[in-house]
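S.K.: Using the sequences and the accompanying hints, generate a full structural model.
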Amino acid sequence: MKVTIDNITIDVESGTTIMNAARQIGSHVAPPAMCYYEPLKGSGGKCRGCLVKVTAGSEKDPRPMPKLVPSCITQVQDGMVVENTISEQVLETRKGIVEFLLLNHPLDCPVCDQAGECDLQNFAFEHGVSKTRTVEERNTFEPVDLGPYIKLNMNRCILCYRCVYTADQITDGRVHGVMNRGDHAEISTYIEKAIDNDFSGNVIDVCPVGALTDKTYRFKSRVWFSKPEDASCSCGKCSGKVTLWYRGDEVIRVTARKNEWGEVKEFICNTCRFERKKTSEWTLEGPTKIAGKSVISANKYGANTITPAFPLKQAAAQYKQIDDSRDTSFLVPQKQLN
Amino acid sequence: MKLSNKTKVLEQRELTFSERIYLPAILGGMGTTLKHFFSKKVTIRYPEEKRYLGPVFRGHHILKRDEEGAERCTACGLCAVACPAEAISMVADERKKGEEHLYREEKYASVYEINMLRCIFCGLCEEACPKQAIYLQHDKMVPVFEDRSEVIFGKDKLVEKMDNRYLRDGWK
Numbered sequence: 001m002k003v004t005i006d007n008i009t010i011d012v013e014s015g016t017t018i019m020n021a022a023r024q025i026g027s028h029v030a031p032p033a034m035c036y037y038e039p040l041k042g043s044g045g046k047c048r049g050c051l052v053k054v055t056a057g058s059e060k061d062p063r064p065m066p067k068l069v070p071s072c073i074t075q076v077q078d079g080m081v082v083e084n085t086i087s088e089q090v091l092e093t094r095k096g097i098v099e100f101l102l103l104n105h106p107l108d109c110p111v112c113d114q115a116g117e118c119d120l121q122n123f124a125f126e127h128g129v130s131k132t133r134t135v136e137e138r139n140t141f142e143p144v145d146l147g148p149y150i151k152l153n154m155n156r157c158i159l160c161y162r163c164v165y166t167a168d169q170i171t172d173g174r175v176h177g178v179m180n181r182g183d184h185a186e187i188s189t190y191i192e193k194a195i196d197n198d199f200s201g202n203v204i205d206v207c208p209v210g211a212l213t214d215k216t217y218r219f220k221s222r223v224w225f226s227k228p229e230d231a232s233c234s235c236g237k238c239s240g241k242v243t244l245w246y247r248g249d250e251v252i253r254v255t256a257r258k259n260e261w262g263e264v265k266e267f268i269c270n271t272c273r274f275e276r277k278k279t280s281e282w283t284l285e286g287p288t289k290i291a292g293k294s295v296i297s298a299n300k301y302g303a304n305t306i307t308p309a310f311p312l313k314q315a316a317a318q319y320k321q322i323d324d325s326r327d328t329s330f331l332v333p334q335k336q337l338n
Numbered sequence: 001m002k003l004s005n006k007t008k009v010l011e012q013r014e015l016t017f018s019e020r021i022y023l024p025a026i027l028g029g030m031g032t033t034l035k036h037f038f039s040k041k042v043t044i045r046y047p048e049e050k051r052y053l054g055p056v057f058r059g060h061h062i063l064k065r066d067e068e069g070a071e072r073c074t075a076c077g078l079c080a081v082a083c084p085a086e087a088i089s090m091v092a093d094e095r096k097k098g099e100e101h102l103y104r105e106e107k108y109a110s111v112y113e114i115n116m117l118r119c120i121f122c123g124l125c126e127e128a129c130p131k132q133a134i135y136l137q138h139d140k141m142v143p144v145f146e147d148r149s150e151v152i153f154g155k156d157k158l159v160e161k162m163d164n165r166y167l168r169d170g171w172k
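First to last, the protein sequences are chains A and B.
Be aware that the first sequence starts at 1, since it is given in the working numbering, and climbs by one per residue.
Be aware that the second sequence starts at 1, since it is given in the working numbering, and climbs by one per residue.
Because the hints were derived from the structure by calculation, they are not lab data.
A couple of the hints might just be wrong.
No more than 20 Å apart at the CA atoms, straight line, and that leaves these computed lysine-lysine pairs for PhoX-like [stated by the list, open to error]:
#, chain 1, residue 1, chain 2, residue 2
1, B, K161, B, K140
2, A, K46, A, K67
3, A, K2, A, K41
4, B, K64, B, K131
5, A, K265, A, K41
6, A, K131, B, K140
7, A, K237, A, K220
8, B, K131, B, K50
9, A, K227, A, K151
10, A, K215, B, K97
11, A, K258, A, K227
12, B, K97, A, K220
13, B, K64, B, K140
14, A, K215, B, K96
15, A, K215, A, K131
16, B, K96, A, K220
17, B, K97, A, K151
18, A, K220, B, K155
19, A, K67, A, K151
20, B, K64, B, K157
21, A, K277, A, K215
22, A, K131, A, K95
23, A, K151, B, K96
24, A, K277, A, K220
These figures come from a predicted structure and were not determined experimentally.
M.R.: Next up, the structure:
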């Protein structure tokens, strides 16, 4: 199936969503995703951050779709033409989406542990407006401890349901979910029951904001002061492939490895995440690759020498042999003039 | 040979009597000197006296407190990441119950250090601060240090004293 996204045509399998087709082209056309998470079935369609404009529905029926569609749950059709960043309407709508997501979000990034690797922060920075228009009071909740390892800060939650899907699909028998409806909806456990499951720590990784954070990492360091290293161990429960976050010689945090889109590659168990915090318990595989634009690589010498893949690919595609058969006889060498 | 008409032929003439006794010229010179005794001086007696360097001078850093006396800094680390000389380092801590009057937010800097040998007084930390916590004072310079052990300024030297609050011109 041929689909054109931002004037770039790509051949994809039927059943692919617009989001995944755009991701196959590259990060420069992929719409932002706040709730969609590829490893989790059924995720997506909640945050509206990935709305795109479909200017031609398909080859058979080339009428444009009447409204912007969420690209993460809309499947492509043959001959579909999609506009993402080249559409003024899409960019304008995203500004509104950011405003709505931030309606009840406290602007406590200086305190929040997620700052620096927060999807909402990136989304608001790239697509939002820098001023807030709301004067209304925000919903506020007290921070809650979900068991000994996880802290829930409901103020920051954007109700993306990723953690609920994670608990449903990765762990057996989830004990937390979304309570109440509409404006009163909140993530909660049944009467503040602790989450205790071997894989419950993964809700920290999937959370796009700082609503679910690691209590063992709480206020230890800012993300951009720590140095990520890939490491592995032979763990019976999970694959044991993790990223260790160092500050000096000390492992301050263990997370699962994430791909280009910030999605967990392999979910890890709680033992690896919360209890193995010594270098001697891991086999180091080398530094984690960090995108040059990420704040994690900020203020580190040599960060600007990392060549981004896309410009290189584009340069290779647009390379033209220069035809230099013009008349150069007037360029007489200096020596002959004298 | 005359190259231009600008040359002037000097004629040596005899000095007059008043010129010959030199006294009027000496008195004239003394008068000029005396006038400067009473005119306004252009120099100041630094370091006892200090000149006003304007409201934008970037001097000694200060970590501001808010109106209630609670520290504004939340150890977000933006000053440290903005610092081109990597002079700032900090350790964050969580505020406990009963410390609300000491720290404004639930996180605070338990250690905040600036290496004054590294600092270049560019003011980027002040610009980066989202909490209006760090300022470079316009009226106070970093004192001269005599030993390397004195160059790292901790919170004891940086946090604002409530009896001597810092106010910049143009603030209320």
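S.K.: Taking each numbered hint in turn, which are not upheld by the structure, reported in ascending numerical order?
M.R.: Violated hints (numbers, rising): 3, 6, 7, 8, 9, 15, 19; every other hint is consistent with the structure.
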